[in-house]
Structure formats: structure tokens, C-alpha cells
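Visitor: Each chain, letter by letter, is given below.
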Amino acid sequence: MYMHKIIIFVTLLVSTQLAIAQESRFGVPATQADIDKSFWSVFPDGEFLPDGEGNVAEGRELFEYNCNICHNFPDENDPVKNEIGKLFGVEDKRGKANLDQTIGSYWPYSTTVFNYIRRAMPLVAPMSLTNSEYYSLTAYLLHENGIIAEDDVMNKDTLPKVEMPNKDGFVNAYPEVPEKYLAKP
Amino acid sequence: MSKNKNSLIIDTTNHAAKGGLLNRRLFLSSAIATTAALATTRAAHSQEIVGEGQDDWTLYPGSDALEYSNRSRFEVDSVKRLIPNDSQEFLDLRLTKYVARTPLDHLLGTITPNGLHFERSHQGIPDIDPDKHFLVIHGKVKNPLKFDISALENYPTVSRNYYMECSGNSAVLFDETPTDQSLQEIHGLLSGSEWTGVLLSTLLDECGISPDAKWIIAEGADNGMMTRSIPLDKALDDAMIAIRQNGERIRPSQGYPMRLLNPGFEGNTSVKWLRSIYLSDRPVMSVQETAKYTDMMPDDKALQFTLEQDVKSIITRPSSAMSLKKKGVYEITGLAWSGKGKIARVEVSVDGGNTWADTALEGPIHSKMLTRFRIPWMWEGSSAILQSRAIDEFGRRQPSRKELLDARGTNGIYHYHAIHSWDVAPNGEIKHVYA
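So the protein lines, in turn, are chains A and B.
Going by the working numbering, the first residue of the first sequence is number 165, and it counts up by one from there.
Going by the working numbering, the first residue of the second sequence is number 585, and it counts up by one from there.
No lab work stands behind these hints: they were computed from the structure.
Some hints could be false.
What the hints assert, rightly or not - DSS-like cross-link-like pairs, simulated, lysine-lysine; straight-line CA separation at most 25 Å:
1) B/Lys885 / A/Lys257
2) A/Lys348 / B/Lys724
3) B/Lys726 / A/Lys348
4) B/Lys798 / A/Lys201
5) B/Lys924 / A/Lys331
6) A/Lys344 / B/Lys876
7) B/Lys909 / B/Lys798
8) B/Lys730 / B/Lys716
9) A/Lys201 / B/Lys924
10) B/Lys726 / A/Lys325
11) B/Lys885 / A/Lys348
12) A/Lys201 / B/Lys730
13) A/Lys325 / B/Lys986
14) B/Lys885 / A/Lys331
15) A/Lys325 / A/Lys257
16) A/Lys250 / B/Lys926
17) A/Lys201 / B/Lys716
18) A/Lys348 / A/Lys250
19) A/Lys257 / B/Lys986
20) B/Lys876 / A/Lys257
21) B/Lys885 / A/Lys344
22) A/Lys348 / B/Lys730
23) A/Lys320 / B/Lys724
24) A/Lys250 / B/Lys730
What the hints assert, rightly or not - FRET-style restraints, in silico, Cβ to Cβ:
25) B/Lys909 / A/Lys331: 51 to 61 Å
26) B/Asp884 / A/Asp242: 22 to 32 Å
27) A/Tyr229 / B/Ala1009: 19 to 29 Å
28) A/Asp256 / B/Asp865: 28 to 38 Å
29) A/Asn336 / B/Leu820: 37 to 47 Å
Built from N, CA and C at the ideal position, the CB exists for glycine as well.
Using the sequences and the hints given, assemble the complete structure.
Guide: See the structure below:
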């Protein structure tokens, strides 16, 4: 009888401890709404890309009203806008100051374009467009960088399949910088 | 009076290297006895008001205590410097200034005052209401959890000294032509603080990490939602969610009310205004780890995820913002740091790297924190080139500029960490040079 009580007591103790281990001390369960508000990442394989669809022509029009205040059109050459960020017409990926490394010459993944401009652009009003409009701007930027055709449409299926010219241009430096790039005495 | 008592106690013949570098212990071991010559000049006339000749701050009561103190109104030079760019049109179009550099030449010790910590944001500093802000940890975890600032304050916190350096610090030194910028403009994207927060491993443990999780994707709540991928091993090692800096709540420019802090990693990975941590089996390849913060090498490949910073040091005094007024003994002092651990040794040369002398390191030496070094120097009034080179506890040695450029070229703009040179002219003026 006495042994029986001890067993119950120990069982209760262990299960209580287990229950505590499963819980957060001060955190609360995150809801899907919390996650949706906070998490905007899109992966190179297309995971988390939203529904919607865009095209180059609509992107060109959106670019004029939302982006051209800071960024040149392909046939423009305003030096101040070039300093803010050249988006087109750069073949050489060795752009000093990183400003001349464009989507076409440097960026390794097409999804990064959508991922970045949706969260950060236009500078005066990020996230002010629809997903389809961001797909259209992405299509325009990829097209004017010579990567996709004028009549290609961009959506969550087509965008991740776009192969970037500099996709093999990167070397992983974590956890160690490769030997050949280490400064030697 | 004997010759001994009257002379400077520092033995300026005790050389540690050429060019007048003295033994590093001289300043530490010697107390310069100059009190003997002091004599009272106080008037002994009983008829004068005794305060005659005193300054107002001695004669009148001072001001009241404040709820939050400011420094002296005379401290007008020790301020941050905003991005040097002469194009007003450029600044207008950018709408705001996103970079501010720490006045390293005005600081001693290793802790940067909160108001002088360097600032770098990509789309401005958000004005976050802490009661409406939270951090979610989700993705490859058993229990996605949410923490607000009051929840984080309830956890056992750790307080640790760490440096923070922007990956683009000293970038101008990749240029072929030596810059005429100051110490602050060249190297001012560097600061040191005591950071207090909750270890990220503590929170991740509560979420229950899935076995296939390898990276964390950190996103901020700022305009543009800064995003970086960080290896999970770093997150479980010493990363923290920082909520306080030098005791007080971190400032808006540093990520108020909470930021990720990855000690020894390039500054940009310590995502400010942190709102989401997504556990993933792969990096997200955000713009800040592909288009930016990657290093173009001479063979046209770019280094990606150059996260852990190299060993580096700079001389902060004497430096460009000052000039030597007369011949004599000066202290050469500066800062050294390593993204991997502790600084083991710092050497200084005043003859352009031909001879080197060990400096004294001021302890305690913290891992991944600024370490101050110092050495006395007898300046005879001739040209000199001042350099420092650091070695960390893993034997990593700071390279010369030539060694760095031979390996990495000049196409990049990040992670410059070579030996830096100050040229001292016979007239005492100091400027940056390549040597």
C-alpha cells in the first residue's frame, strides 16, 4: 500500500515535470495571424510565394509611377539615380561599391527580387502594391535585365524556374573562408 | 635637488622597437612625480573676499538633477558623423540619412556610450511601441511561440561585452588612392557595449527544435523588414535576443525593443527590431546575403556568408583628428578585436612595419569584444608611420594591406581588416596613408 502511494506520487511528479518541459515559461503559443504579420520570406525554390500573377507590360507601367523617381529606365542615365542603384544595362558583375551589380549581372536567385521589392519597395511606400503587381514589377526587372522574354508571365510556379545568369557565381564562406581567399603572410 | 627627482621618470633609452617605441610597461609602472614643485599661491590677506579669482561654477550653486542626464555643453566635438556625401540631391532622394559613425578618436576604454554607438539602418529607424511588438519563433519547431518584451524580461538574462562592427567598415581602404577621410569616417562603424538579453538557445529549446533545422531566418519589423539567414549552430552557441545596452533598454537606432545579437558576426546579421525567427533547413537568400554583403573575389566568384569577422586593430590615438604639438613622450593607443574570440597580442610599429613592439593590453580581455592596447612612444620630431597588428587567441594575425588585397582583390567593399597606417609628418600633422 505504502509502495503503491510512492509509485503514484513519483508518476505524478514525473508527468508534471514532463508537462512543464513542453511549455514555455513566459512565451505564449504563436497564432497563424502572428506569423502571417511577421514572416514575409520567400525561398529560392518558391516556398511561400503567394498566389497572383504579373507580366512585363504592367510592370513597365508600375515602374514608371513607383520606381522611376529613384531608378533610371533602361534608356535613361541620370547620374544621381545611378548612384542610388543601377538596375539595368550592366554586364560586368564586378561593380565597385556594389551599386553596379545588377539583377542580371550579379543576383543568383530570381525569387530574391520578389522577396526584396515586396517588403522594401517602393521606398516611400513599401508593401503598398498587390502581390500580382509585385509579380509584374519582378517580371519587368527580369525582362529588362535580359533574363525573361517580353511575354513571359511570373507567378509562384514560373518565377522559381527562372535561371539567373550568375547563379554559380557564389562561394560559401561559412564556417571558414576557403583557403585560397585567406590573406597569407 | 638631485638629478633623479627633477627628471622625467620614464627612461626614454629603454627602447622596445625602432623609432622611439618604449617598453610597454613604462607608463604602467611609473608615476611621474611633479608634485614637488607645487607651492601655494593662495593669498593670505585677511581683508579680501576669499572667493576672489574663483570661477562662477565654484561660486554659485549648480543646476538641478535631471530625469535623464546630458553630457557637458562643452562636449560639442564628440559626435557621430553622418554619411559623407556632398550631393544634396542624393540625400534628398534618399529621404533620410541611414549611417552614423562613432567618434573613436574621442573615446577611451572599450565601451561606447549609447548615444555615440554607430548607426546603420536600411530604411530608417522605426518608432516601435513596445506594447504592440512581439517576436515569433516558428518554422521547424514543435511549438511556435510568441514573446513580448515583458515576457523576455522575466527570463534569466546574461550580460556580456561584445563589439559590433558593420561589414562595410573601413571599406574606403579598398580604394587605390588613399582617402583623406578621418579615423571616424574610415573606421567609425565600430562600437562596443555591454549587451543584456536572453540567450536564443533558451527560447529555441522551449520551442523544440526539429532535427532537420539548420538555419534561422531573422526578420525585423522595420520598413523594408531586414532579413538575414544565420546558421543554427551560431544561434545555439552565443546568440542572444538583446533587450538592454549598457544597462538601459536598447535605443531605437539599435533595435528597440529587441534585436538579435550574433557576437563576432558581421553587424548586419544582428537583425534589429526583431519580429520573426523562422527555423529552416536552408538559407532564404535574402537581398542582404546575395546582392549585398557578399565579397567579389579576383576570380569573379563572390564569397557568401562571410559571417565571422576577422582579427583587426586600429590606432585611435594619435590619429588623423589630432596633431602632435611638440616633441616628447606620447601614448599610442587603440582597439583590437576578433570575431572568433579573445585578442592575444597587439604589436605596434612606428617605422612602417620594419620593427614591431608588444603593447600592453588592458584587461579584462573579453571574447569578441574590443580590447584596448597602449604603448609609450618618444617622438623626436621626425617622420613616422604608425601601425598596429593584432593576433587573436587562435593565432589569426591581422594581414598587411598587400596580403589582404593579394588574396581578395579590390572588387569587394566588405570585410576590410588589414593593418592601418597613420603618417606623422615632421610638423606633427597626421594623415592616413598606405604603407
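Visitor: It remains to establish, for every hint, whether it holds in the given structure.
Guide: Each hint, compared with the structure:
no., hint, in the structure
1, B/Lys885 / A/Lys257, "holds, 10 Å"
2, A/Lys348 / B/Lys724, "violated, 40 Å"
3, B/Lys726 / A/Lys348, "violated, 46 Å"
4, B/Lys798 / A/Lys201, "holds, 24 Å"
5, B/Lys924 / A/Lys331, "violated, 30 Å"
6, A/Lys344 / B/Lys876, "holds, 22 Å"
7, B/Lys909 / B/Lys798, "violated, 57 Å"
8, B/Lys730 / B/Lys716, "holds, 12 Å"
9, A/Lys201 / B/Lys924, "violated, 35 Å"
10, B/Lys726 / A/Lys325, "violated, 31 Å"
11, B/Lys885 / A/Lys348, "holds, 19 Å"
12, A/Lys201 / B/Lys730, "holds, 12 Å"
13, A/Lys325 / B/Lys986, "violated, 42 Å"
14, B/Lys885 / A/Lys331, "holds, 11 Å"
15, A/Lys325 / A/Lys257, "holds, 22 Å"
16, A/Lys250 / B/Lys926, "violated, 41 Å"
17, A/Lys201 / B/Lys716, "holds, 12 Å"
18, A/Lys348 / A/Lys250, "violated, 35 Å"
19, A/Lys257 / B/Lys986, "holds, 23 Å"
20, B/Lys876 / A/Lys257, "holds, 12 Å"
21, B/Lys885 / A/Lys344, "holds, 12 Å"
22, A/Lys348 / B/Lys730, "violated, 47 Å"
23, A/Lys320 / B/Lys724, "holds, 22 Å"
24, A/Lys250 / B/Lys730, "violated, 40 Å"
25, B/Lys909 / A/Lys331: 51 to 61 Å, "holds, 58 Å"
26, B/Asp884 / A/Asp242: 22 to 32 Å, "holds, 29 Å"
27, A/Tyr229 / B/Ala1009: 19 to 29 Å, "violated, 55 Å"
28, A/Asp256 / B/Asp865: 28 to 38 Å, "holds, 34 Å"
29, A/Asn336 / B/Leu820: 37 to 47 Å, "violated, 20 Å"
Figure legend: structure checked against the earlier numbered hints; hints not met, in rising order: 2, 3, 5, 7, 9, 10, 13, 16, 18, 22, 24, 27, 29.
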